[in-house]
Each structure stands twice: as C-alpha cells, then as structure tokens.
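*Asks:* What follows is each chain in one-letter form.
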Amino acid sequence: MTQQASSPEQKCRGETFQPKPILSVNDLQVQFGSTPVVDKVSFDLYRSRTLAIVGESGSGKSISSLAIMGLVKHLGAKVSHGSMQFESDLLGSVDLAQLPEEKHRIIRGREISMIFQEPMASLNPVFTIGDQLCETLMIHRGISKKQAQAEACQLLDLVRIPQSKRILGYYPHQLSGGQLQRVMIAMAISCKPKILIADEPTTALDVTIQAQILGLISDLQNELNSGIIFISHNMAVVSEVADDILVMRNSKEVERNSMEGLLAEPKASYTRNLLSAVPELGSMQGLEKPRYFAQYSEEQETLPERDLDKQVKYAEPLLEVDKLSVRYSVHDGFMGKISHYVHAAEQVSFAIYPGETLSIVGESGSGKSTVGRTIQQLAEPHSGEVRLDGENLFELPSNRKKLFSREIQYVFQDPYGALNPRKTIGASIIEPAWVHGLVRSKKQADERVAELLEMVGLKAEHARRYPKEFSGGQRQRICIARALACEPKLIIADEAVSALDVSVQAQVVNLFMHLQETQGIAYLFISHDMAIVERISHRVAVMYLGQIVEIGSRQQIFENPQHPYTQKLIASVPTIRNRKQNKSPEMSAEIPSVIRKIGDEPDVHEYVEVTKGHLVANHSPALTN
Amino acid sequence: MQQLTFLSQRLLQAVFVTLAVTLFVAFAIRFTGDPAVMMTQESSNVTEADLAMIRESLGLNAPFHVQYLQFMGQLLTGELGNSFFRGPIKELIGSALPSTLLLAATSMVLSILISIPLGIVAAVKQGKWVDQLIRILSLTGLSFPNFWLAMMLVLIFSITFNVLPVSGFSGVASLVLPSATVAIVLTAVNVRLVRTAMLDVLSEQYIMVARAKGVKEFWVIYKHALRNSAIALITFFGLQFGNLIGGIVVVERVFNWPGMGSLALDAIAQRDYPLLQASVCILAMLIVIVNLVTDMAYSLIDPRIRVKS
Chain A
1 MTQQASSPEQ
11 KCRGETFQPK
21 PILSVNDLQV
31 QFGSTPVVDK
41 VSFDLYRSRT
51 LAIVGESGSG
61 KSISSLAIMG
71 LVKHLGAKVS
81 HGSMQFESDL
91 LGSVDLAQLP
101 EEKHRIIRGR
111 EISMIFQEPM
121 ASLNPVFTIG
131 DQLCETLMIH
141 RGISKKQAQA
151 EACQLLDLVR
161 IPQSKRILGY
171 YPHQLSGGQL
181 QRVMIAMAIS
191 CKPKILIADE
201 PTTALDVTIQ
211 AQILGLISDL
221 QNELNSGIIF
231 ISHNMAVVSE
241 VADDILVMRN
251 SKEVERNSME
261 GLLAEPKASY
271 TRNLLSAVPE
281 LGSMQGLEKP
291 RYFAQYSEEQ
301 ETLPERDLDK
311 QVKYAEPLLE
321 VDKLSVRYSV
331 HDGFMGKISH
341 YVHAAEQVSF
351 AIYPGETLSI
361 VGESGSGKST
371 VGRTIQQLAE
381 PHSGEVRLDG
391 ENLFELPSNR
401 KKLFSREIQY
411 VFQDPYGALN
421 PRKTIGASII
431 EPAWVHGLVR
441 SKKQADERVA
451 ELLEMVGLKA
461 EHARRYPKEF
471 SGGQRQRICI
481 ARALACEPKL
491 IIADEAVSAL
501 DVSVQAQVVN
511 LFMHLQETQG
521 IAYLFISHDM
531 AIVERISHRV
541 AVMYLGQIVE
551 IGSRQQIFEN
561 PQHPYTQKLI
571 ASVPTIRNRK
581 QNKSPEMSAE
591 IPSVIRKIGD
601 EPDVHEYVEV
611 TKGHLVANHS
621 PALTN
Chain B
1 MQQLTFLSQR
11 LLQAVFVTLA
21 VTLFVAFAIR
31 FTGDPAVMMT
41 QESSNVTEAD
51 LAMIRESLGL
61 NAPFHVQYLQ
71 FMGQLLTGEL
81 GNSFFRGPIK
91 ELIGSALPST
101 LLLAATSMVL
111 SILISIPLGI
121 VAAVKQGKWV
131 DQLIRILSLT
141 GLSFPNFWLA
151 MMLVLIFSIT
161 FNVLPVSGFS
171 GVASLVLPSA
181 TVAIVLTAVN
191 VRLVRTAMLD
201 VLSEQYIMVA
211 RAKGVKEFWV
221 IYKHALRNSA
231 IALITFFGLQ
241 FGNLIGGIVV
251 VERVFNWPGM
261 GSLALDAIAQ
271 RDYPLLQASV
281 CILAMLIVIV
291 NLVTDMAYSL
301 IDPRIRVKS
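So the protein sequences, as listed, match chains A and B.
Here the first sequence is numbered in UniProt numbering, starting from 1 and rising by one per residue.
Here the second sequence is numbered in UniProt numbering, starting from 1 and rising by one per residue.
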C-alpha cells in the first residue's frame, strides 16, 4: 500500500523521515468456509496515530480486528491469505497471520488489546471488577494478586472511576454502562499496549457518556503513545478521533486516506454516499421544516435533499398528554411491601397535532420510552390523562380503548425481535387489521398487504416470505407497513432507526417523512439521536430524569437551547464540521437515579415560556457547571 | 434479608406440596383394594365378620378425614405410627432412607462427573465428530428403559463374568450396578444439558473478551464459561432429582435394594396405607428439600441474585 497513506501522513505531521509502521496489514483475507468476509484489505498503523475503520454492518470491519487479535478461529473463520507484520517488543518483528497460538497469546492483551462494543456484555457477570482487572495483570506481568490489586486500583483512577477501591469488589451488574466501558478501557491499557483496538466503543452509550469516553481514549493515547484502530459506523465520531481512515464495504476496501484528505475529497461514490447519509447536527440551521436526506445510487443523486412540503395546522391537537406520571414499584422485605418507586415519568405534558412530528429526546433512563409505552397502553399510568381527540384514554370502556389502540400504532427499536419468525411477513402485516375488523376476507387482506408493502418501498410478492429473508432495514419497513395497516392517525416510533446502518437509517427516515406527506400521519418520535431528531421533527421535547426540561419548535430547541441539560446534550454530539474542536464536557457525573423512597417526591418542574411555544423548566444554576 | 424471605417462602411452599402429595396418595390408595381382604387371601372360610373385625382393628372404619388427620398428627410429632404388617414405620424408614440416599448420591455424583467433561468437550468441538459421537451416545443412553438396562448389566457383569453381586445390599461391590444403571440414564440427559448450557455461554461476548486478554483457552472454558453455565446447570440438576428418584424406585426393585422405593412398592402391593403414605411423604419432602437447596445454591453463585444492587 503505503504511497497513498504515507504521503498525507508526512504532510500533516511535517516529518522528514518515513516512520515505520508498528502494524502493517497486507492483502488480508479472512474466510468463513469458502466465503471471504475480509477480502484483500491492507493498511498501516503508526505509533500515536489513530486509524479508523468505517463501514456498515457486514462490511468485515470487526472481523479484521479479530484477525489481528488471532481470534477469528473462535468464530469458525480463518485467515486464508495475506500478512500482518507487527513490530513486537517481546517477539521482534512477527507476522500475526502465521503466529502460533501459544505466542499470539503472549501478545494478546499485553501488546495488542481490545475494547468491545457492548460494555454490559463484555465483563463476566460472576467475577468482580477487581478479579477481572487483576487477571490480565497477573497473566502478563506475573505479579502477585496483592500487587495486581494495588495496580488495578491505580488503573481505575486513571480511567477516572471514583472510589476505585470499593469498585474493585463490585460485580459488573452494579455499575452503569459508562463505568463498565471505563473498566474495559482500564483492562485494555493495563499492560501499556502498543496497539489498542476499539470496536465501536461508544455505540451502546449515551451521547454525554460517549463524549467522556472519547476524551478518555484520546488522553490515554497521548500518555501511552499507542496506535489505535478505531472501528465505527459513525462518521461524525470517527472524524473526531481519527488521523487516517479506511472505508470498508462488503468485506472489501473502498477507500483509504488521511482523515483530512477523505473529508476534503471523498473519491469513492460509496464514501460520498456514506457522508451524505450521516445526519449532521446543526445542518438544519435556519430551516423551518423537516428535511429529506439526499439519496444516491452508485454514481448519481437519485433524490435531492428537500424540505418536507406540508404545513401543520396547530389548531386542534390530535393527542394531548396531561400531567402523565408513571411509576414502577420496588418491593422489599418479608411482606413484599412497596418501599421505593421508580419515577419513570413525572408530570409529563405535551400535545401532538395532526400531521406533525414531535420528538422526545433524552438519554437512557430519561423516561422517554415509558411515555410512549403508556400512550400505547403497554404500561399503566400512575396519574394523569392521555386524550385522543378530546377523550381520556384511561377512563374509556374497554371496547373504546380498542379503537384507541387502532388509531395509535407502535414501531419498535429492534426490527429483528418485533416480527414473529414463524409467520410470513404478509400475515404479520395484516394481523392488526384482522384484529380490528378492517379486513374481512382473505382476498381483501391480500390486496391490502400488497398495497402496504408498496407503500413502504417493498414488493407485493414479498408477502409470502419469512422475516429471516430480509435485512434489518427491510424488516423495519415491514414493521412500518404493519403499523400502517390500521390507518393510524399517530405512529409512536420508539428508537425506530437506532439499530439501522446510517445509509439505511436515512432511507427509513425519508420513508417516515414521505408517509407523513402523503398520509398525514403524526409521529411521536422517541430517540436519543439528536442529529436524526433535528432532521425529522417539527417540535422537540427534551426529557431528563422522567421530566420534560424543555419543549419547543425544532429551531427553538436547537438554535436557542435554554436549559443547561439541552445545551450539554447538543454540545456532546460529535459533528464532522466541528471536528476536533468539540471539547469533551467537564461533567463526568453519571445520570442520577430515578428510584426514590416512598414519600420522597421529586420536585416537579415549573416552566417559563421563553418565546411563543418554547417552554423551559426552571433550573438551578448549579446544573450549569 | 432477601435470602430469609426467599427461604421462608419456599418452606411454606414445601409444606403445601407435602400436604397435597400425602392427601392425594392417602385418597387414591383407598380406591385400589381392601387391606383386610389382602391379609386374608391365603386362608379359606373368612367370614364377612372377620373382615369387619380386621378393618376395625386397623382403624379403617373411621371416616377418611379422621384417618388422614390422625396420620398427619403422627407425622408432625415424628412418630410415624405402625405399618399394618411390618411394625413401626419409623424403623423401616430409618433403615431404608440411608440406602436410597446412598444410591441417589452415588448416581448423581457419578453422572455429574461424567457429563460435565463430556458436555464441555461436545460444546467446544461443536459440529465435529467428537460432538456427533457424544450426541449419539447420549441418545442411545436415553433410549434404554432403566429396568432393561439393569437386567442387561446383571447379565453381563454378574452372571457371565461373575464380578459383581446380582442383588442385595452388601458392601461397595453391590452399589456398582444399581448406581451405574441410574447414572447412565441420568448422564444421557445431563450431557445434553451441559452441552447446551456451555454453548449458550461460549457465544457470550465476555468469553471473547477473556480470550482477548490473553487467558489460556483452558481457563476461558473452565473458569470463565463453566462458572457461568453452572448457574443454569445447578437448576437443571436439581430438577433432575425428581426423575432420579423415579428411576431409583424401579432400579431398587430390580436389584432388590432395600431402599425407599422397595418399601413403597411393597406397601402398594399390600395396601399398607400408613407405610405407603409415610414413604411417599418422605420422598416428596426429599425432592422439595433438594430443590430448595438448589435454589439457594445458585443464588450463591450468581452475584446478580446474591448482591442487592
């Protein structure tokens, strides 16, 4: 490889000699049986530099990293071709592709270590944090348990986990996702590795936590001078951390360049496509309406970016949520008495108008999904009202409630779990319509299914197939078709695009908007992704600890955020435009708990109207810093 | 505190289970024949008056609930009363229970010792010939009825080779065949359970993380994976105990093993109401206690249950 990647390298570092890569991957091929999952991939990694491998699911980016670790055999795959030359301190210059397992194991976790995507799943639930940290130290450094424990303590301090001594005795389930990822990082850097592989290290985390973790990784890199391989699907995150970038698609290399070079002039059409599909926070500045993503097929633009062309009439609200509170009880003690409440949602009020998209944004535990589920009658309210066309849901007789559930439909986050694998998708789609008596004959049902499938961009003949034959994006379209089967007035989309690849995400968001334009459907769009919310929403509500802290039009929220939490959320989102200027927020605190003792009621926010329709919760200045 | 709550709830459950089982047994056996008739089968010219006298002396003329309450009263005081034919029940059970427990424990331990390594090998070599072989063996083991297996073992080891006693209870040698019979059937099931539990755990991400740390594959499997699958396995093994007792009852009969199974079967044959009630009741309590211990054990292994977050 090298001419391509090293020339921009020299330019941007201003060095006169050509530095030697610590890892040089050449023509790497990994196969499952006879199918290549990584096909002729080459790259170089240098000390103190970060190489990003970017691609969508199935692109082979994670497999490449596992090949470096020598772990692909555990997935049933094997390295079938190519070399991975690694400058080891222990073994000298070795080819990782040829290295026998015994020697590979010496390097693994010591000179090359790895951070995985799901911190919750990465730590063994039956061993303490301390045991797991010490294990690495004891294997590679041959030190005693006692020494290892002292060192583990220092490592936790290094990754900024408070009360490190106590945490050592904790089990993984007692820590939050952000804390667990810090522990994983501590484990990975415990032997000062030359190469650190981070496989989607922040994808499963909240955006404010993500900013902290990214900051931590780059601080540690400065300290250890490690070379980092950063695997991600998120261009904005990558643009923040990477010096060099490798774009992969369908197990092949698409493009390799320095980060600057790629952003300035993406060569491959796939890269351009990927960049355009990334929702960029702030790109909607000055625009009033939601906006479609541009779409490309191979070379040319097939659909330009354009505004959603439909006016919302703010006269009679479709759905009103009035002082809705949802609490889950925590039982304790011998008699199973209720001792605590989880205040999942507290005094939440908002309205949705016909044909409008209202987004609820917030981090995990903010109660945004609880609100959606309560409206759809999947959770019981503690108090408050939900009114559809002026009728209170919680006071209706059950036959009227059924009608209610027809007019509001739900699209779930995980399209893999939301479809019955033993039913054809046609049967799944039409089921709600049968339940509500909207179709009465087989023929009518078939016609309706065909119509619905075409509406969401699939083909009528797909009806007889089973979910396993479809990709994630297609499945989500099927779920949307099912939601449409009852001609609802409102669709609650709960993180409906979060699990999808960026390019697919853009298509599904476009589909949502298209349906709004043609069918006049209103959406309650629940998401943690600020950039997507900025694209799709007419109005936005920000939730924190079960309460709305700010609500207003999209422009009011994103261009004039008033509440410190909203400001922090917006500041935490990495963007390509402001890359490397985004400073990590100082607040390293976790989100507080919403579990409270009985009788210990939370303070309910009072709101101030900043401009018309823009309500902000009164906040104490303490939160600001 | 949580543990105490849990324990007391389970003990309450155990009381109800025992009540239900004894009530059902006491009720059902009274439909199946008259002990007075059974006793006098051999002798001729038994008059209706004789039978009535026997019934009276056995206390069978009292209403059902009186008989049942009397039995329960005895159970609570620990005095199990007398068998119709064989003297104090307490002594009968006192000698039968240990030999059944011995057989059960030996078979269980044997089965666990064999099935865990085999199950792990099958899981680690998933799809390879070792795995196929173990699965075929397991299916074969499952297809043997245990009484047939018992007789085959006797035929081979006792009669043909004459290395082990045919039946009875005399020293360690006589334990081999009965416990092997029970263990083989049990192992056939357990191997599959271990294999499935290990496969579940081996696909978890923390296993890959352990490998990425440089942990030896042996320790990845025997420390990181086994400890996690143990949570599921202990539950499985505990539930298996019911099956185990069922198997033992049959096997005891074949080998003439003087245990609870033999005791209960004899009691059924003779319509010995008090003895049957007592022995079934003891077996039921045994199963309940084992399951209780199982539940407590896995809450000790799994910190998610043990430690209150």
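Worth flagging that the hints you see were computed from the coordinates, not collected in a lab.
Everything numeric in this text was worked out from a predicted model, so none of it was measured.
Keep in mind that the hints are not guaranteed to be accurate.
[Claimed, not checked] Simulated pairs of lysine-lysine, DSS-like, Cα-Cα distance not exceeding 25 Å:
#	chain 1	residue 1	chain 2	residue 2
1	B	Lys-90	A	Lys-73
2	A	Lys-597	A	Lys-612
3	B	Lys-90	A	Lys-103
4	B	Lys-128	A	Lys-78
5	A	Lys-323	A	Lys-612
6	B	Lys-216	A	Lys-146
7	A	Lys-78	B	Lys-90
8	A	Lys-337	A	Lys-313
9	B	Lys-125	A	Lys-103
10	A	Lys-310	A	Lys-73
11	A	Lys-73	B	Lys-125
12	A	Lys-323	A	Lys-442
13	A	Lys-145	B	Lys-216
14	A	Lys-165	A	Lys-337
*Asks:* Is Lys-310 (chain A) within 25 Å of Lys-73 (chain A), Cα to Cα?
*Replies:* violated (54 Å)
*Asks:* Hey, Lys-145 (chain A) versus Lys-216 (chain B), does the alpha-carbon distance stay inside 25 Å?
*Replies:* holds (18 Å)
*Asks:* For Lys-78 (chain A) and Lys-90 (chain B), compute the direct alpha-carbon distance and say whether it is at most 25 Å.
*Replies:* The hint is violated at about 66 Å.
*Asks:* Is Lys-337 (chain A) within 25 Å of Lys-313 (chain A), Cα to Cα?
*Replies:* Violated, because 49 Å separates the two Cα atoms, which is more than 25 Å.
*Asks:* Lys-128 (chain B) and Lys-78 (chain A): Cα distance at most 25 Å?
*Replies:* Holds, at about 16 Å.
*Asks:* Assess, step by step, whether the Cα of Lys-90 (chain B) is no farther than 25 Å from the Cα of Lys-103 (chain A), and give holds or violated.
*Replies:* Violated: Lys-90 (chain B) and Lys-103 (chain A) sit about 66 Å apart, past 25 Å.
*Asks:* So if I understand the rule, the pair passes when the alpha-carbon distance is 25 Å or less; does Lys-323 (chain A) with Lys-442 (chain A) pass?
*Replies:* violated (44 Å)
*Asks:* Within a Cα-Cα threshold of 25 Å, do Lys-597 (chain A) and Lys-612 (chain A) meet the stated pairing?
*Replies:* violated (37 Å)
*Asks:* Decide if the proposed pair is consistent with the structure: Lys-323 (chain A) and Lys-612 (chain A), CA atoms, cutoff 25 Å inclusive.
*Replies:* holds (20 Å)
*Asks:* For the pair supplied as a hint, Lys-165 (chain A) and Lys-337 (chain A), confirm whether the alpha-carbon distance does not exceed 25 Å.
*Replies:* Not OK: Lys-165 (chain A) and Lys-337 (chain A) at ~34 Å, beyond 25 Å, violated.
*Asks:* Compare the distance between the alpha carbons of Lys-90 (chain B) and Lys-73 (chain A) with 25 Å, and conclude whether the hinted pair is satisfied.
*Replies:* violated (61 Å)
*Asks:* Regarding the pair Lys-216 (chain B) and Lys-146 (chain A), is the alpha-carbon distance no greater than 25 Å?
*Replies:* Roughly 22 Å between the alpha carbons, so the hint for Lys-216 (chain B) and Lys-146 (chain A) holds.
Of the numbered hints listed earlier, those contradicted by the structure are 1, 2, 3, 7, 8, 10, 12, 14.
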